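A.B. asks: What follows is each chain in one-letter form.
4 protein chains.
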Amino acid sequence: MFESEVQIRVRYAETDQMGYVYYGNYAAYYEVTRTEVFRRLGINYKEMEAAGTMMPVLELKCKYIRPAKYDDMLTIKLFVKHKPKGSRILFEYEVYNEEKMLLNVGETTMVFVDMKTGRPKAVPEFIHEKLDPYFTA
Amino acid sequence: MFESEVQIRVRYAETDQMGYVYYGNYAAYYEVTRTEVFRRLGINYKEMEAAGTMMPVLELKCKYIRPAKYDDMLTIKLFVKHKPKGSRILFEYEVYNEEKMLLNVGETTMVFVDMKTGRPKAVPEFIHEKLDPYFTA
Amino acid sequence: MFESEVQIRVRYAETDQMGYVYYGNYAAYYEVTRTEVFRRLGINYKEMEAAGTMMPVLELKCKYIRPAKYDDMLTIKLFVKHKPKGSRILFEYEVYNEEKMLLNVGETTMVFVDMKTGRPKAVPEFIHEKLDPYFTA
Amino acid sequence: MFESEVQIRVRYAETDQMGYVYYGNYAAYYEVTRTEVFRRLGINYKEMEAAGTMMPVLELKCKYIRPAKYDDMLTIKLFVKHKPKGSRILFEYEVYNEEKMLLNVGETTMVFVDMKTGRPKAVPEFIHEKLDPYFTA
Numbered sequence: 008m009f010e011s012e013v014q015i016r017v018r019y020a021e022t023d024q025m026g027y028v029y030y031g032n033y034a035a036y037y038e039v040t041r042t043e044v045f046r047r048l049g050i051n052y053k054e055m056e057a058a059g060t061m062m063p064v065l066e067l068k069c070k071y072i073r074p075a076k077y078d079d080m081l082t083i084k085l086f087v088k089h090k091p092k093g094s095r096i097l098f099e100y101e102v103y104n105e106e107k108m109l110l111n112v113g114e115t116t117m118v119f120v121d122m123k124t125g126r127p128k129a130v131p132e133f134i135h136e137k138l139d140p141y142f143t144a
Numbered sequence: 008m009f010e011s012e013v014q015i016r017v018r019y020a021e022t023d024q025m026g027y028v029y030y031g032n033y034a035a036y037y038e039v040t041r042t043e044v045f046r047r048l049g050i051n052y053k054e055m056e057a058a059g060t061m062m063p064v065l066e067l068k069c070k071y072i073r074p075a076k077y078d079d080m081l082t083i084k085l086f087v088k089h090k091p092k093g094s095r096i097l098f099e100y101e102v103y104n105e106e107k108m109l110l111n112v113g114e115t116t117m118v119f120v121d122m123k124t125g126r127p128k129a130v131p132e133f134i135h136e137k138l139d140p141y142f143t144a
Numbered sequence: 008m009f010e011s012e013v014q015i016r017v018r019y020a021e022t023d024q025m026g027y028v029y030y031g032n033y034a035a036y037y038e039v040t041r042t043e044v045f046r047r048l049g050i051n052y053k054e055m056e057a058a059g060t061m062m063p064v065l066e067l068k069c070k071y072i073r074p075a076k077y078d079d080m081l082t083i084k085l086f087v088k089h090k091p092k093g094s095r096i097l098f099e100y101e102v103y104n105e106e107k108m109l110l111n112v113g114e115t116t117m118v119f120v121d122m123k124t125g126r127p128k129a130v131p132e133f134i135h136e137k138l139d140p141y142f143t144a
Numbered sequence: 008m009f010e011s012e013v014q015i016r017v018r019y020a021e022t023d024q025m026g027y028v029y030y031g032n033y034a035a036y037y038e039v040t041r042t043e044v045f046r047r048l049g050i051n052y053k054e055m056e057a058a059g060t061m062m063p064v065l066e067l068k069c070k071y072i073r074p075a076k077y078d079d080m081l082t083i084k085l086f087v088k089h090k091p092k093g094s095r096i097l098f099e100y101e102v103y104n105e106e107k108m109l110l111n112v113g114e115t116t117m118v119f120v121d122m123k124t125g126r127p128k129a130v131p132e133f134i135h136e137k138l139d140p141y142f143t144a
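Chains as they are written, first to last, in our numbering: chain A, 8 to 144; chain B, 8 to 144; chain C, 8 to 144; chain D, 8 to 144.
Calculated directly from the structure, the hints in this document are not laboratory data.
Hints may be right or wrong, so weigh each one.
Claimed, not checked - With a straight-line Cα cutoff of 25 angstroms, these simulated SDA-like cross-link-like pairs (lysine to any residue) come out: (1) LYS70/C - THR42/D; (2) LYS70/B - THR143/A; (3) LYS88/D - LYS123/D; (4) LYS90/A - PHE119/A; (5) LYS53/D - MET61/C; (6) LYS137/A - GLU101/A; (7) LYS53/A - GLY26/C; (8) LYS92/D - GLN24/D; (9) LYS70/C - VAL39/D.
Unchecked claim - These stretches of chain A come out as covered by chain B in the derived footprint (C-beta under 8 angstroms, 3 or more residues): (10) 79–88; (11) 130–141.
Quick caveat: nothing in here was measured; it's all calculated off a predicted structure.
The beta carbon of each residue, even a glycine, is placed where N, CA and C say it ideally should be.
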């Protein structure tokens, strides 16, 4: 299994009148987490897209357990629990506050797409190189 | 089954550099749809919250089938397929573009919460009055 | 002078924990207003961009007079007070609530840009055709 | 003069279909900058609000010089050029990319408000204590 984590401070802009982070904003937290974790692995998403491969989201799931609040320093854990195969990759997320309380869990299924053809393509070799070692027994 | 629909025009602000609606923005489309459909049923969410009952989201699911694009006039269908019971209600959504192509499906599970105690409470009687007729055989 | 107006309902997503519309969200209200008013004039911004002319914002000003709140039906008045010349156009906005109270005033200076060269270009002829009649004595 | 700076990485969510940061998103960058700079000064905005003083924005100005792009690591400089007096404080901002190119300049005028009365109040003493030393000759 691959696991990493990123910290994100809740912005005022992200709260709603309930005083909580608006439920649609977790998607952006997950996105930032993916990008930063990829960067640590030596994968630059921006360059990947510039080179013609994009990675749109096929499916999003989110469970809201406790509210995140303004100025909370969130820890977002990202997991890849299964070696990616075919053209898809599943990321799972857990969001914690500073008191290590679990606030939110989620997952996104991404698909690698060739931007020229608009068609799914196999998980790129450089992704396998970075991630596969975490799955070898 | 209860069914209704709402139209929402895609804003420039909601697109991302792929040229598509950012995947996190569908949550707001679902929210607008819920509010407008409630209004038609004679339920004002703002007043309900002012009267001490809020309806936070417990769970969100989203499947992205085709991209929505800037200036698309989306039709968002909302379904309540099961008579609400206990303290929860499940809304299902289908998002279509002007060519009646299905772009996105989703669901949100909401819970009624007493804002004084912060605890779940039964689906309010005035919600039952409005929705239950759609489920009587 | 050219004047038109658009109505926008405040979304829950747009509020913040003060219970007001977050100050950064008026920019999107102005954008929606521009797009809708252009549409009424027979100018489709999406098609204009597809045809190679974009209209980025050079300058934004916003004064916050009274807060807009969740579910408010805002009326946003758009004014073009001076006949556009050169490559720029100035839009002015006034935001009112249902009680006709003035909540916000703003302005955006836009520039027409040739997307191939990335350089400013003169206000297109079809814009002049639509707007100039409002300025003839 | 008081001066400080904060770094913010551009999120995918913040881009639009032009491939640039959407013009309304700078307001949130300014907000994050204010909060982080205040924190360094020993002023916690969240606690200030919890203690009954809020600081809404009266006026926003933004000039867009060059576009910020996805994944850019922005440096946002914040300046307080004049010793705050009365109930207001003026923040000025400059946004730079990694190549030290100036992308955006802006300013926000904030007012201190007593949340019980909803009325403006003098700049709090603890703000003066932190900021005034930067203005003594």
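A.B. asks: State for each hint whether it applies.
C.D. replies: Against the structure, the hints:
| no. | hint | verdict |
| --- | --- | --- |
| 1 | LYS70/C - THR42/D | 21 angstroms, holds |
| 2 | LYS70/B - THR143/A | 31 angstroms, violated |
| 3 | LYS88/D - LYS123/D | 30 angstroms, violated |
| 4 | LYS90/A - PHE119/A | 15 angstroms, holds |
| 5 | LYS53/D - MET61/C | 40 angstroms, violated |
| 6 | LYS137/A - GLU101/A | 22 angstroms, holds |
| 7 | LYS53/A - GLY26/C | 36 angstroms, violated |
| 8 | LYS92/D - GLN24/D | 42 angstroms, violated |
| 9 | LYS70/C - VAL39/D | 20 angstroms, holds |
| 10 | 79–88 | violated (count 0) |
| 11 | 130–141 | violated (count 0) |
The structure shown violates the earlier hints numbered 2, 3, 5, 7, 8, 10, 11.
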